[in-house]
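Asks: Required output: the full structure, derived from the provided sequences and hints.
Residue numbers (my numbering), protein chains in the order written: chain A, 1 to 344; chain B, 1001 to 1178; chain C, 2001 to 2100.
Simulated from the structure, these hints should not be mistaken for laboratory data. Glycine included, every Cβ here is placed at the ideal spot set by N, Cα and C. A few of these clues could be false.
PhoX-like cross-link-like pairs, simulated, lysine-lysine; straight-line CA separation at most 25 Å [as the list claims (entries may be wrong)]: (1) A:K146 x B:K1164; (2) C:K2099 x B:K1164; (3) A:K62 x A:K34; (4) B:K1164 x A:K325; (5) C:K2099 x B:K1087; (6) A:K76 x A:K13.
So these bits of chain C aren't anywhere near chain B, every CB distance computed over 12 Å [unchecked claim]: (7) L2097; (8) L2098; (9) K2099.
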Amino acid sequence: MPIWLYIVASVIKSVVVLFLLLTAVAYTVWLERKVFGHMQNRWGPTRVGPFGLLQPAADGLKFLFKEDLTPPHVYKPLFLAAPLIAVIFALTSISVIPFGNPVVIGKYVIPLQITTDVNTGLLLILGVTSIGVYGVALAGWSSNNKYSLLGGLRASAQMVSYEISLGLSLVGVLIMAGSFSLTDIVHAQQGHFWGFIPRWNIFTGQIIGFFCYLIAAYAETNRIPFDLPEAETELVAGYHTEYSAMKFAMFFMAEYANMITVGCLATLLFLGGWNGPIFGPPILRAILPVFWFAAKVFAFLFLYIWVRGTLPRFRYDQLMAFGWKFLLPVALVNLVATAIGVAW
Amino acid sequence: MFSVHLILFLFFGAICVAGAVNLLVQRHPINSALSLIAVMAALAGEYLLLGAEFVAAVQVIVYAGAIMVLFVFTIMLLNAGVEEQSKGSHVALLFGIPGMLLASVLLGWVLLKHSGTEAVAAGALPGAPKVIGQLLFHEFLLPFEITSILILIAIMGAVVLASKPMGPSGGPPKKVSE
Amino acid sequence: MVPLSYYLVLSGFLFACGVTGFLIKRNIITIFMSIELMLNGVNLSFVAFAAHWHVLAGQVFVFFVMVVAAAEAAVGLAIIIAVYRTRETLNVDQVNLLKL
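Replies: If you want it as C-alpha cells, here you go:
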C-alpha cells in the first residue's frame, strides 16, 4: 500500500474513532445515570431532550463555562499537566484495538484499527495503562492538599497492585491463542462447537481468567466496588479535589475512556471480538462485525454499571488484601492450569 | 542521506539527551524523576527502531511504568524538597562537571573514530516475544530462575526494611488500634 | 541507515550523565535516579550491539538488567525510607556519621 494512502487512511480512521470514542464517553455517562437511576427506583435525567439524551451536551456546556480555578499554592506545572497525562493515555490505547475484519476497498486492504495489526498490540495496551497511573499520582501530589495526596497515593497504589493481576489474567488467553496480536486472538475464537455455542475464550476454559480480568478492570478504572480513592464521603473527592471545570472534565473523560478501552479489550480477548452471525448483502456483511463488537462492549459497560448499582465499596486495606492475597494467586493458578491444559 | 530512520533516531536521541541533562540541572527531585521517565520513554522508541519490540514494551511497562512509579511514590511520601547546596556539593560541581565532560568527550571521540560506519538497519533484529521466550527458557534458564529468586529476596528485604520496628523483647510491633 | 557508533555515543552520553548526577547531586533519591540512568545507557548499548551482530542474547540480557534494576530500586528505596525515618533528612552530606 503506498505510503500516502496509509497516512490518509490512518488520519481518517483516527478522526472517526476519536469522534466516536468521545461521543461514547459522553453517552456512557448518560447510560450510567439512567441505568443507575432506574436501579435505585428513580428516573435519572429526563428533562433535557427526549429521555434526557441531550444531558451530556448540557454537561459539556456547563464544564466549558464554569470558572477554571487554579488554587494559589499548587505546584502549577504538574497541576496543569496531570489531567492532560490522564486523558492522553486514556485515549491512546484505543489506537491498537481492531473493530472488525479488514475492509477491502478497490484493491487495498485496510485494517479496521488505527495502526496496522501490531505484533505486540496487547503489550502496548498494558504499557499505556501503566503510564496512566502518573496522571493520578501527580494530580494528588501537585494539589498541595493532604486529602488529595492521600487519595492520589491510594489510587495509584491500587492501580499498580491490580495491574499485575490484570496482566496475568491476560496471559491465559495468550497461551491459548499463541500470539500477542489482537487480530490473531480474535481469529482463534472463530467457529462454534456443538453447533451453537460460540468458541469464545470465556467458554473454552478462560472463565476464571475472565472473572480475574473483570475484577482487576474494576480496580484499574477506580470503579465501585474499588472506588475508595475518589469516593465523595471518604476523602473529599480524592485526587481531583482541587480541580474544577475543564480539568475535572478531563479526569472524568479519562475514567470513562479507560472503561471503554477495558471493555473493548475484554470483548476482543474473552467474548470473541467481532465474531457473530453474518448474513445478508455484502454491505451488511461488512458492517455486522463492527455491530457485534459494539454490542458486546455495550453489554460489558452495562455490567460495569450494574455492579456499581449493586455492591458497596471496599475499605482500603480490604481492597489491597484482596488484590494481593486472593486475586494474584487465583490468576497464577489460572495461568498454570491453562498452560497444563494447552500442553496436553 | 537523511533517511527516516536517521530522523527518528535523532528525534528520540534528542529527547534522551534533553531528559538526561534536565535530570542534572533540576533541583527538585520530582522534576528529575519526570525527566528520567521521558528518557525511558524515548529509549523505548530507540529500541523499537532497532527492532526490539518486546524489550521496548517491557521497558515501558516495567521501567517507566513500575520502577519510576516507585520513585515518584517515595518522593511524594518523604516530601522531598529542593536540594540544599553545601561546601561539598560546590566542590563536586567544580571538579565533577569538567571531569565528566572531558571523560565523555574522550569516550565519544574513541567510539566515533574506531567504530567505523557500519550501519544498523531499521528493525535490524526483530525481537518477537516468541523468540525471546524460547531463548529465555532454553539457553538462559538458569539466569531466569536465579533472577526469580533475586526478586523474592528483594521483596522480603523491602518488606522487612519498611515495616515498623518490633515491639520490646522482639515481639511483633504494637498496634495503635485494633 | 544509522551507524552503530551513533547508538554507542548516545549510550555513552547517558552513562556519563548518570555518573555526573551521581557525583554532583546531594539528594539521595536523585543519586539513585542517576544510577537508573546509567543502567538505561548500558541497556541501549546492549540492544544496539545485539542488532549489529544479529545475536538475540543481547536483548535477553536487557531483560535481566531490568529485573536487577527493579529489585535494586525496591530494596534501595526501602533503605532510603528507613534512613529518613531515623535521620529526618535526605541530604547525603548530613548522613556522614554512624552515630545519629
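Asks: Decide, hint by hint, whether the structure agrees.
Replies: Going down the list of hints, with the structure as the test:
| no. | hint | verdict |
| --- | --- | --- |
| 1 | A:K146 x B:K1164 | 22 Å, holds |
| 2 | C:K2099 x B:K1164 | 21 Å, holds |
| 3 | A:K62 x A:K34 | 19 Å, holds |
| 4 | B:K1164 x A:K325 | 21 Å, holds |
| 5 | C:K2099 x B:K1087 | 22 Å, holds |
| 6 | A:K76 x A:K13 | 35 Å, violated |
| 7 | L2097 | 14 Å, holds |
| 8 | L2098 | 18 Å, holds |
| 9 | K2099 | 18 Å, holds |
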